[in-house]
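Protein chains in written order, with the working numbering: chain A, 4 to 242; chain B, 16 to 262; chain C, -15 to 652.
These aren't lab readings, by the way, just hints derived from the structure by calculation. We put the CB at the ideal spot given by N, CA and C, even for glycine. There's no promise every hint is true.
Take a look, some chain B residues computed to stay more than 10 Å from chain A by CB distance [said to hold, decoys possible]:
hint	residue
1	L18
2	Q38
3	V39
Examples of chain A residues lying across from chain B (beta carbon under 8 Å, computed) [said to hold, decoys possible]:
hint	residue
4	R18
5	D19
6	T207
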Amino acid sequence: MATTTAPAKRRTRARDTTVFLKFLMATTGIVFIGYVLLHMYGNLKVFAGQEAFDSYAHHLRTFGEPILPYGGMLWIIRIVLVASILGHLYAAFTLWSRANGARSQRYAVKKAAKATLGSRTMRWGGVAILVFVVWHLIHFTIVKPAINADVSASAIAESPFTMMVASFQLWWMVAIYLLAMIALGLHLSHGTFSAQQTLGWTQTARGYQRARTIGYVVAAVVVVGFALPPLAILFGIVG
Amino acid sequence: MKLTLKIWRQDGPNAKGDFVTYQVDDILPDMSFLEMLDVLNERLIAEGTEPIAFDSDCREGICGMCGLMISGYAHGPKQTTTCQLHMRSFSDGETITIEPWRADPFPVIRDLVVDRSAFDRIIASGGFISVNTGSAPEAHAAPVPKENADRAFVAAECIGCGACVAACPNASAMLFTAAKVTHLGELPQGQPERYSRVVSMLNQHDAEGFGGCTNIGECSAACPKGIPQDVISTLNADLRHALRTGR
Amino acid sequence: MALIDGLYTEGEKIADTKAPNVPIERKWTQRKFDAALVNPANRRKLSVIIVGTGLAGGAAAATLGEAGYRVKSFCYQDSPRRAHSIAAQGGINAAKNYKEDGDSVFRLFYDTVKGGDYRARETNVYRLAEVSANIIDQCVAQGVPFAREYGGLLDNRSFGGVQVSRTFYARGQTGQQLLIGAYQALERQVAAGTVEMFSRHEMLELIVSDGPDGKRARGIIARDLVTGEIETHLADAVVLASGGYGNVFFLSTNAMGSNVTATWRAHRKGAYFANPCYTQIHPTCIPVSGDHQSKLTLMSESLRNDGRIWVPKRREDCDKDPRDIPEEDRDYYLERIYPAFGNLVPRDIASRQAKNVCDEGRGVGPMVGDFRRGVYLDFADAIARLGEDAVRAKYGNLFDMYAQITGENPYETPMRIYPAVHYTMGGLWVDYDLESSIPGLFVAGEANFSDHGANRLGASALMQGLADGYFVLPNTIRDYLAKGPFEELSEADAAVAEARKSVEDRTQKLLSINGERSVDSFHRELGNIMWEYCGMERTAEGLQKAIDLIRALRDEFWRNVRVLGAADTLNQSLEKAGRVADFLELGELMCIDALHRRESCGGHFRAESQTEDGEALRHDDEFAYVGAWEFTPGTAESGIDSGTMGPPVLHKEDLVYQAIELKQRSYK
Ligand SMILES: Cc1cc2nc3c(=O)[nH]c(=O)nc-3n(C[C@H](O)[C@H](O)[C@H](O)COP(=O)(O)OP(=O)(O)OC[C@H]3O[C@@H](n4cnc5c(N)ncnc54)[C@H](O)[C@@H]3O)c2cc1C
Ligand code: HEM
Ligand code: FES
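Pulled out of the complex, with its shape left as it was, chain A reads as follows (with noise of 0.2 Å):
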C-alpha cells in the first residue's frame, strides 16, 4: 500500500566527519612509528662502533645517490615527517576540542573502568613528545650545543657518534631520554594499536586482540631499543 518516501537527506561527506580526522591521525602515526623504528635501528649501530656508527650517517645522507643531491633522502624524509606533524597535530588537537566541548559540565566523580594509562594519556603524553622532539632536534640536529664540557663542539660536528657518546656520558641527559622514551611508549602502545583499530584492521575479537599485542610489542621493542644506547654508554660499555 506504500507509495516511495526515501528520507530527505542532507548532503553528507565522508571527509567531514570525526573519523576522517583519525584517519589522518592513524596515517601519520603510523609514519612516525616506521620512522621511529628506522631511527631506532641506527642508533642501535653505536653498539657496531665509531666507524660503522659514522658511515651509517654518512650513508644516509647519500642514500638514492646519484638520482638524489646528497641529503637529498633525508630531506625527502624531513618534510614527509613535518607534513605528518602537522596533520597529526591537527586532528589531535581538533578532537581534543571538540571532545573538551562534548562535556562542558564535568563529574564530580569519575572512575576509569578499563581504560590504559597509554590511552588516557595520549594528549598531554604527546604534548610532552612534541617538546622532547623539539629539544631532541635543536639538541642533535639544529645547534648541536656542546652540553659536555669535556668533548669539543668542533669534534661533535665532526662525528655524530662523537657526539652522542659526549651527550650520554652526562646522566641528566639520559634521565631526560629515558622519560621521553617512557612517554613515547605509552604513546605507541596505545597509538599503535589505535591506528589499527582506526583503519578498520580489527573487525574480529581475535583481530583486536592482536592489534593490541602489537601496540605493546611496539612499544617494548622502541623503548628498549632506544634506552639502550644512553645506558651503554652511561655505564661505559659504548665509547
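Mind docking chains B and C with the ligands on chain A? Use the hints.
Showing chains B and C with the ligands alone in chain A's frame:
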C-alpha cells in the same frame, strides 16, 4: 544496610544543580539500585520534599531507559543496567555519588533525567534498511551465514541507554553508532545502503556534538550488553570504503 | 433500570459488521478489496494520531507514513524504541511451516482459538494467522537478526503449549529485535517528514467531536512530560496502541510506566471495554523477594522446553536444599497431571497448578505471608543430557538474568519460579477493522481485546502487534480515512475545550489535594486487592469484597493523595498519580466483569466453576460472548468528576464459531 548518598539535584534544564546528601538505612541487599531510590523517594514524599527524578521503565535491563553515573561508573560497578544492579554490590556504610549522564548532547532535564533524543536522530539519519511494508521478499530468499547473523545480533543488542557516551572520556557516541552500522552491515539486506549509511550516521553523530572516538574502550566496559570494540573498527572500515568510493 | 447484582445493567447486543460474508479464508482478501482506497495525492491531506510506539503503534506509524499520510506518533518514554514490546523474550509465531511439521494457517488459527479457550472472535484470529507469514518476511527484510541455522536459514522452536515448531526468535530478545526493526522504520519516516514524533508525551484525554454526521474521534490532549504543557493535537483519526493494563496489579512484568490511561480515557468517552477481567498470569517469573519489590521479572517460557517443574512431595522437605531431595520425593506435578503436554501446558494451567501446590504448603523459597511462593524449575536433567555448554548457548542470558536478580547460580541449584501478571487479553472492543465503538478511534495491539480470547498462547502477542500495525490497520483505516478530510476543528470547539479543561482541572486537583499518602502506596494497595481477589482464582464473595475495597480506596485517593511539585515541569509523581487514578476505576470494572462471568475459562478461573478434578469448567451455553462494557458517569458523590463512575452497561457480542467446533479444552 546504611548508606550515604550524594545525589545531583537540578530543578530544570536551565537551573543550576548541586549535590544533596541523604542518609538511608534499612536498605536490603536484595533491593535493586532503583528500588533503593524508590525507598528514599517514599521517605522524601513523606517529609514533604519533592522526590528525586530518575528514568526507568522496564526495570529488567532491556529498554535502556535507566542510567545513572554511580560513584564514577556508568550504571555502577557491575557491567549491567542501573535497574539490574543490586545493593548487594555495595557495602554497608558506603558513600555513593549519583550523577546524571554528562554530555552536552544529553542535556539534563531534571535531577538525574537527561534528554537522549540525539540517539533517535542518529538512527533517523540512516540507521535503517529502506524497505516499505509489504514489499519484502520471502524470508528464506536470502540465507544469512550464521557467523554474520550472530555478529549482527551481537551488535543489535544495543539498548540505546547512553552508557557508552556517559563513560567515554570524549563523550563520544561511536559505540552506539557503530553498533547499528555493524548490525545492518553484516546482513545481506543491509548492503545496498551500507556506505551511504555510515556517512550520514557519522555526520549526524558529529552534528549532535558528540566527541570523536579515540579507541579507549571505556564504552564497551560500561555497555550493559557488552558490545565489543570491534564494531567501531567495522564502522571505520566502512567509512574508509565510503571515502575510497567518493562518498 | 434495575441493577444486576447491584452493579451493572445490560444493554443491547453488539456484533461486528465489517467482516465480509464469505468463507473465512477469503474474508481478509475481500475486506481489503472492499475497503475504499485513498488517492496517493490525497493522503498528505489526511492526518492520523497514533498513541504508542510499541510493535503495534510503531509499525502502524511507519506504514502509514510510508503510505504518505501525515502521522503524529506519541509515547511516554524518551524514545519510541523503549515501548514495552522491547521486553518480550521468547518469540513470535508465524505459520511458515518451515519445519514441515504439519503447520498451516489453519492450524495456527485453530491453536490460537483453542488456546484462548474459545473466547476470541474467529474472523480476527483467522486473519492474524493469515498475515503472520508476511510479518516474518517484513522483519527479515528490515534486518531483524532472527536466530539462524548453520545453513543460513531461519531457525524455529516450539513454544508455550503447541506441538509444532513455528516460533521465530532472536535469542531471548525477540521483542527487542522486532521493536528495533519497527522503530528504525519509524525513524526513517521521521526523517522523511511523514511522521512527527512526540516522545515524553502522555495522552490524557481523547477528543470526540459531535458533528452533523455523528460522533468522531478527532484528537487527543497530551501532556508534554518535560515542560508540563497541556497540548491539543487534532487529526482525522486516532489510533490507540498503548499496550496492556497489567500494572493495575502494581506488581507485574509490565514496565513501570505501562498504564491504562489512554484506553480508559477513551472508554470514558464512549469506547466499550471488552473482557477486562481476562488477565494472563505467566508461570515462569522470578518470585517476589520482599516488600520493596517494584516489578516482577519474567523469564521466557522457552525455559519450559528443557526445564522440569517440581515441588517436594512432602511439606517438611520444602526448606531443604533441593539437591538433597531424592528423585522419589519430588513431585513433577505437571508431568503427573498432564502426561501428554507435561511442562508445556498452556500458561493458565501451569500458573494455576503452581498456585495450587503452594497453597497446599509445598511451595519453596522464602516465606511470603504464610506461604512459600515458588516452585522449582530444574535443568539438572537437561544439563546431564545436553551438556552445560548447550544449555548455556540456549538459555545463557536468562540464566544470567536470574543469577543477577536472585544472587543464585541456576546451573547449580534449580531456579525458583512463580506466576506473575503478564498480559491482559481484555482491552477496548474493536470490530474486524480494529475500529472501536467510537467512529474514527482505532485500537491495535495489546490495547484491544481482539485475538486472544480468555488466554493468550506464547509468542502470539508479538504476532498480533505487528499484524495489526503493519498489515491490518493500514488497510482498514483507509476505508475510514477515505471519507475525510473531516471538517477543521479549532481549539475553541466545544469538544476540544471541554477535553482540555478536564485535563487541566484533573491536574490541578491532583496537585492540590496534598494529603498524607504517596501515590505508590495507593497503587500497591490496589495491586494487593486485585491480586488477592481478581488474580489467578476468583470467587463471587471475594470479588464483591474487592469492589467495596476499591471504591473505598478510590475515595481515599481523591481525598488523601500527596502529589508534590508543580504542573509545569517534569513531575513523575504527577504522572503516576494520573495513571493510578485510572487504575482505581479500571480495577472496579475488572472485578465487575469477573463477577458477572460465572464460568472458568482461560486466564479466568472461577472457583465456583470447576470440574471434579479441579479443572476449569466453561459454560458455553451462557458465556460464549464477549463482554463489552459501556461507561456511565457517576453522580458526583465525592464532588470530583474524575473519581466517579456509574454502573456500567454490558453489551454482549455473541461468539459464533463456524470454521471450528467449540470444544472443552483438554490438555490431559
Ligand atoms: C516481559 C514480557 C515478555 C513478553 N514476551 C512475549 C513473547 O515472548 N512473545 C509474545 O508474543 N509476546 C510477549 N509478550 C507480550 C507482548 O510483548 C506485548 O503484548 C506486546 O509487545 C504489546 O505491544 P503493543 O504495541 O500493543 O504495546 P507496547 O509495546 O506496550 O507499547 C505501548 C506504547 O504505548 C505508549 N503509551 C502507553 N500509554 C500512553 C499514554 N497514555 N500516552 C502516550 N503513550 C502511551 C507507550 O509509550 C508505548 O510506546 C511479553 C510481554 C512482557 C511484558
Ligand atoms: C614521535 C612522535 C609520535 C608518534 C610516533 C605518534 C604516533 C601516534 C599514533 C600511531 C597514533 C594513533 C592514531 C589513531 O588512533 O588512529 C597517535 C595518536 C595520537 N597522537 Fe601521536 N604520535 C606522535 C607524536 C604526537 C605528538 C607530538 C602529539 C602531540 C599532541 C600526539 C598526539 C596524539 C593524540 C592526541 C593522538 C590521539 C589519541 C588516540 O588516537 O587515541 N602525538 N599518535
Ligand atoms: S529500566 Fe529498562 S533497562 Fe533499566
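**Prompt:** Any hints this thing doesn't respect? Which numbers, in order?
**Reply:** none
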